[in-house]
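With the hints as extra help, turn the sequences into a complete structure.
2 protein chains.
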Amino acid sequence: MPSGLRFMLEHIEPAGGSVPFRLTDTQAPFRQERWVAPQMTLVPPVQWRDAAVRIGRGCLIVSHELPDGRRQILDVLGQGRILFCSMLAHGTAKARSLTFTNVERLDEHSDRDAIEEARQLAMKRAYEHALLLGRKKSTEKVATALLDLADQFACGNGGQMRPSFTLYLMRNELADWLGLTLETVSRCLSDFKRKGVIAFERTDRITIREKTALRAIADGLAPST
Amino acid sequence: MPSGLRFMLEHIEPAGGSVPFRLTDTQAPFRQERWVAPQMTLVPPVQWRDAAVRIGRGCLIVSHELPDGRRQILDVLGQGRILFCSMLAHGTAKARSLTFTNVERLDEHSDRDAIEEARQLAMKRAYEHALLLGRKKSTEKVATALLDLADQFACGNGGQMRPSFTLYLMRNELADWLGLTLETVSRCLSDFKRKGVIAFERTDRITIREKTALRAIADGLAPST
DNA sequence: CGAGTGCTTGATACCCCTCAATACGAGTGG
DNA sequence: CCACTCGTATTGAGGGGTATCAAGCACTCG
Numbered sequence: 012m013p014s015g016l017r018f019m020l021e022h023i024e025p026a027g028g029s030v031p032f033r034l035t036d037t038q039a040p041f042r043q044e045r046w047v048a049p050q051m052t053l054v055p056p057v058q059w060r061d062a063a064v065r066i067g068r069g070c071l072i073v074s075h076e077l078p079d080g081r082r083q084i085l086d087v088l089g090q091g092r093i094l095f096c097s098m099l100a101h102g103t104a105k106a107r108s109l110t111f112t113n114v115e116r117l118d119e120h121s122d123r124d125a126i127e128e129a130r131q132l133a134m135k136r137a138y139e140h141a142l143l144l145g146r147k148k149s150t151e152k153v154a155t156a157l158l159d160l161a162d163q164f165a166c167g168n169g170g171q172m173r174p175s176f177t178l179y180l181m182r183n184e185l186a187d188w189l190g191l192t193l194e195t196v197s198r199c200l201s202d203f204k205r206k207g208v209i210a211f212e213r214t215d216r217i218t219i220r221e222k223t224a225l226r227a228i229a230d231g232l233a234p235s236t
Numbered sequence: 012m013p014s015g016l017r018f019m020l021e022h023i024e025p026a027g028g029s030v031p032f033r034l035t036d037t038q039a040p041f042r043q044e045r046w047v048a049p050q051m052t053l054v055p056p057v058q059w060r061d062a063a064v065r066i067g068r069g070c071l072i073v074s075h076e077l078p079d080g081r082r083q084i085l086d087v088l089g090q091g092r093i094l095f096c097s098m099l100a101h102g103t104a105k106a107r108s109l110t111f112t113n114v115e116r117l118d119e120h121s122d123r124d125a126i127e128e129a130r131q132l133a134m135k136r137a138y139e140h141a142l143l144l145g146r147k148k149s150t151e152k153v154a155t156a157l158l159d160l161a162d163q164f165a166c167g168n169g170g171q172m173r174p175s176f177t178l179y180l181m182r183n184e185l186a187d188w189l190g191l192t193l194e195t196v197s198r199c200l201s202d203f204k205r206k207g208v209i210a211f212e213r214t215d216r217i218t219i220r221e222k223t224a225l226r227a228i229a230d231g232l233a234p235s236t
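Here the protein sequences line up with chains A and B, keeping their order.
Quick note: the first sequence uses our numbering, first residue 12, plus one each step.
Quick note: the second sequence uses our numbering, first residue 12, plus one each step.
Keep in mind the hints are simulated off the structure, nothing from the lab.
A hint or two may mislead.
When chains are identical, the list treats them as one kind, so a pair holds in a single copy or across two.
[As the list claims (entries may be wrong)] Quick list of in silico lysine to aspartate or glutamate cross-link-like pairs, DMTMM-like style, CA-CA up to 25 Å:
1) K204 / D159
2) K206 / E128
3) K148 / E221
4) K148 / D215
5) K222 / E127
6) K105 / D79
Encoded structure:
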């Protein structure tokens with residue numbers, strides 16, 4: 012039995028210019044899948060209210076705001092990460108796409124183990140993030156973020172020694188993730204670049220050159236000289 | 012069939028002095044329950060590895076540390092709150108009792124709804140906490156903390172206009188919860204006291220006198236004059 | 001009374017924010 | 001192809017909010 016239409020954007024990676032894509036729709040026997048354009052706020056369809064959703068490709072941020080507009084980005088999700096739609100209700104948080112992003116609804120029975128694992132990962136990441144926000148210095152924060160993003164967005168999942176990845180976040184988004192200002196983020200990045208720990212020419216493409224050094228900085232073990 | 016011994020401390024609330032208690036043990040047909048003395052690190056028995064545990068009475072903190080000892084307290088749990096033992100494994104976090112505390116293991120089937128609700132609450136609180144750590148000023152942090160503690164620890168659950176509660180956390184623990192130093196916390200509390208927003212004579216017993224004012228401060232809506 | 005622990009308060013330092021100027025890249029139109 | 005604009009990033013100067021360091025105080029316990 013057909014469980015609904017699947018909307019799909021065939022997406023061709025941009026070479027640095029604009030992004031051509033084409034809209035199609037197909038039948039999905041069990042799974043449901045959606046493509047989302049960049050800079051969209053995700054509003055899950057009502058029947059996805061309690062669903063868990065896996066990101067097939069792309070990048071999402073989950074964020075929350077104070078009444079006066081100060082924003083805190085709570086997590087950055089890349090390929091394979093799982094988002095819980097229940098967290099998007101009642102103004103608890105909102106999710107936004109930073110590029111063309113493909114989300115696939117998981118089945119709460121057949122994907123049970125993956126969902127449980129994702130739940131624990133979400134909680135564990137929230138804990139690590141709190142430690143970062145409350146107790147790390149700016150350089151430690153930025154270093155931690157770079158390592159995290161490398162793990163999520165580098166080809167081969169960041170296992171290599173000198174991972175290189177697309178930075179879907181702008182400086183102000185990095186800042187809102189790390190509890191800093193965009194100027195401080197920029198200064199840290201320039202500093203790392205000057206010291207040869209990282210490299211970048213375009214602002215949205217970063218290579219980690221000294222992973223162990225960056226790890227040491229992230230954990231507060233580096234000499235601050 | 013007996014599922015194990017239950018150790019129980021009959022606990023009489025102190026009037027301001029020491030805490031008399033008596034040790035007994037009884038049979039628990041289905042539920043399992045433990046009493047924990049103050050300042051104990053909770054190490055769940057192996058068969059509780061993935062259990063959810065409800066706090067019947069008392070106060071727990073969940074915390075995490077950096078290699079160099081900087082500590083971040085992630086949550087403060089009072090009566091009725093539910094702790095997930097899976098978060099205590101692999102150095103993800105550790106839980107510590109701040110007073111005599113009673114934990115009861117929940118049944119993953121019969122208490123299913125409560126567990127699911129608690130999971131979402133834990134995540135939601137982690138989000139709110141990140142917003143606090145990353146984007147709030149010290150006065151806003153302390154005000155938020157006081158309101159949270161009033162909700163959890165005031166008699167009648169803090170619904171009243173001028174809730175009064177026992178502060179199980181010391182100044183340095185408040186600081187580690189809020190990403191501040193104990194001096195800054197002390198200054199904020201003294202300031203609130205001076206302005207009549209709160210009142211305290213003993214350092215561990217606080218009364219909120221102007222709840223709406225404190226709410227406004229917590230949300231960053233108060234004039235900073 | 002003295003020692004110990006936790007809290008308060010003050011003086012100073014410094015990290016990061018704020019404000020401002022400039023640079024850079026992409027897109028647009030002449 | 002170049003001038004212009006717009007959005008974002010970088011870099012610098014200065015100030016403010018917390019941290020740090022250091023007394024002194026309040027309370028408990030031996």
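Evaluated hints:
no. : hint        : in the structure
1   : K204 / D159 : within (18 Å within a copy, 42 Å between copies)
2   : K206 / E128 : neither (38 Å within a copy, 48 Å between copies)
3   : K148 / E221 : within (20 Å within a copy, 35 Å between copies)
4   : K148 / D215 : within (23 Å within a copy, 31 Å between copies)
5   : K222 / E127 : neither (31 Å within a copy, 39 Å between copies)
6   : K105 / D79  : within (16 Å within a copy, 34 Å between copies)
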